[in-house]
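The hints should help you fit chain L onto chain A, whose structure is shown.
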Amino acid sequence: MQLTIITDLNKCVGCKSCQVSCKEHNTSGDFGPVPDHEPYREVDGMWWNRVLSVEAGEYPQASVMYLPKACMHCYDAPCVPVCPTGASYKRQDNGVVLIDYDSCIGCQLCMWACPYGVREFDEHEGVVKKCTLCIDRIEDETLPEKDRQPACVQSCPTHARTFGDLDDPESEVSKLVAQRQGFTLLPELGARPSVHYLPRRPMPHSVEDQEIDEVLEANQS
Amino acid sequence: MKPTWPLLALTLLQGLSVGLTTVAATLLIWHLSEPSFVLACQAAALITGGIGGISSFFHMHRLSAGKYILRRLKTSWLSREALSTGVYTMVVALSVFSRLLVSATSLWLAFSVAAAALGIMAVYITAMLYATIRAMRSWHSPLTVLMFLGAAAVSGISWAWGITAIMHTSVPGLSTALGIVLAITVVLKVLQIRHFRDADHLVMSSTGTGLSQKPYRVLDTGTTKPPYRHQTQIWPALTLVQRIWGYGLMIVLMWGLPSAGLIFWHYSTFHIVGAMGVTLGLIFERWMFFGDATHSSRVWFADEPKRASQVVH
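These protein sequence lines map, in sequence, to chains A and L. According to our numbering, the first sequence is numbered sequentially starting from 1. According to our numbering, the second sequence is numbered sequentially starting from 1.
Looking at chain A on its own, in the form it has when it is part of the complex (with noise of 0.2 angstroms):
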């Protein structure tokens, strides 16, 4: 079993509701943009989850890609083997990487070798902190069976965000994966992510009225 996410990148608007509940659900230690124990400094704490704005050509050709970036799960995870003590792990039952604070020394080895940089060290507590999957809440079994995934796939207001195991070919993530030709970030670099993003489609082309307005007079000479 591989859990992941999948991000369909014609849904996502770039509200930063994930990103917000993520950091709302897991709050802790340095995890706020102004934490307690020092409220008043530079707004760049901690972020597991951070939607990236990426804008691409100029006026009016211009367009914005928004891209949810947090831990990929990699199926080769290269924070795992590098961790001296083994606080970095990969669980087998279900694919998620996660670290153990109570291991980590924070060396930070693991954030230079993750090759997306969604790794965050919280100075405060001295340990590397990241996604989690949320795995506290999918496999809890005292919340109803709807309300166990992720708190950013739960507050998607697009549904931009899917859920699901990557390993079993009957699963939705799996089929949108195959059917919509999902991808990987930086497959060159060999982590292979199980956090899979579905490609934007063409823009389609703008009209304008003059054009209508001359295409209608051709038709009328």
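Check the hints yourself; a few may be wrong.
Residues from chain A that keep clear of chain L, each with C-beta distances beyond 10 angstroms, as calculated [said to hold, decoys possible]:
id	residue
1	Asn-26
2	Glu-55
3	Thr-85
4	Ser-103
5	Arg-119
6	Asp-122
7	Asp-167
8	Glu-211
9	Ala-218
Derived coverage of chain L by chain A (criterion: at least 3 residues anywhere in the stretch with Cβ under 8 angstroms from a Cβ of chain A; other residues may be distant) [as the list claims (entries may be wrong)]:
id	region
10	45–55
11	186–196
12	220–228
13	232–243
Rather than coming from a laboratory, the hints here were simulated on the basis of the structure. A virtual CB, placed ideally from N, CA and C, is assigned to each residue, including glycine.
Just chain L now, with coordinates in the frame of chain A:
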């Protein structure tokens, strides 16, 4: 990557210590100098190696979990580094104390040779820690290992050269050896700087994101600000002026001053100036090794430098 002083101290002092130990073992095997000079080199190696080892503790932010550091010897180069550097320092200590306390020449020779072999292995392991990180595009190269070994050789030989001036003695072949390793390391460093520049172009955020190769802009969301205190794998990109200063001072200090010392070798002061130059130059070299390195995630930071075509004329 953000350069931190514990890493600078550990890697530089470990290299210096191993260089001195190797020089000492070589001199001892071939009977090329007085035992007092060899012992002085080994004592300096023990002190510098010890300080380097202690500084590595400051790189750990949770010492209470330090007892688990040897858990992943099978896969983690950092586990192997902790073991190899620790064993090396103990064997250097044994070689020094075997001379001071036991005075048995054969035992001293055995510990000295073992310390040199273990030391070279320890530097190799430390270098592999950096060279095997694929995401750190600048470091993922055999040049990293060669430069670490070269830096250890340069620093060890230059310090031994400086110690000859302090002890008013001479060691045949030491000046020649210094000249040779200086020439080899300058070539390695030039190749490494070129690899660092190439690394800037090895990863693109447009890979698989559906973006064209046209210029794009990562917009600053306001939650990621230099110096990226929570993302230490990233360091604000150095400007051209900073690079010129960093690499320029490194070249002048690490190769310029010792070369002057080799030309005026009969003045003992120049031996010490050369050794100090190499030491200071290596600090710049190692700082630039960390500070100028490109991590693959740099492409998602808003201060990624915009690049024009490299082939248009």
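Going through the hints against the structure:
no., hint, verdict
1, Asn-26, "holds (14 angstroms)"
2, Glu-55, "violated (5 angstroms)"
3, Thr-85, "violated (4 angstroms)"
4, Ser-103, "violated (5 angstroms)"
5, Arg-119, "violated (8 angstroms)"
6, Asp-122, "violated (7 angstroms)"
7, Asp-167, "holds (21 angstroms)"
8, Glu-211, "holds (24 angstroms)"
9, Ala-218, "holds (32 angstroms)"
10, 45–55, "violated (count 0)"
11, 186–196, "violated (count 0)"
12, 220–228, "holds (count 6)"
13, 232–243, "holds (count 3)"
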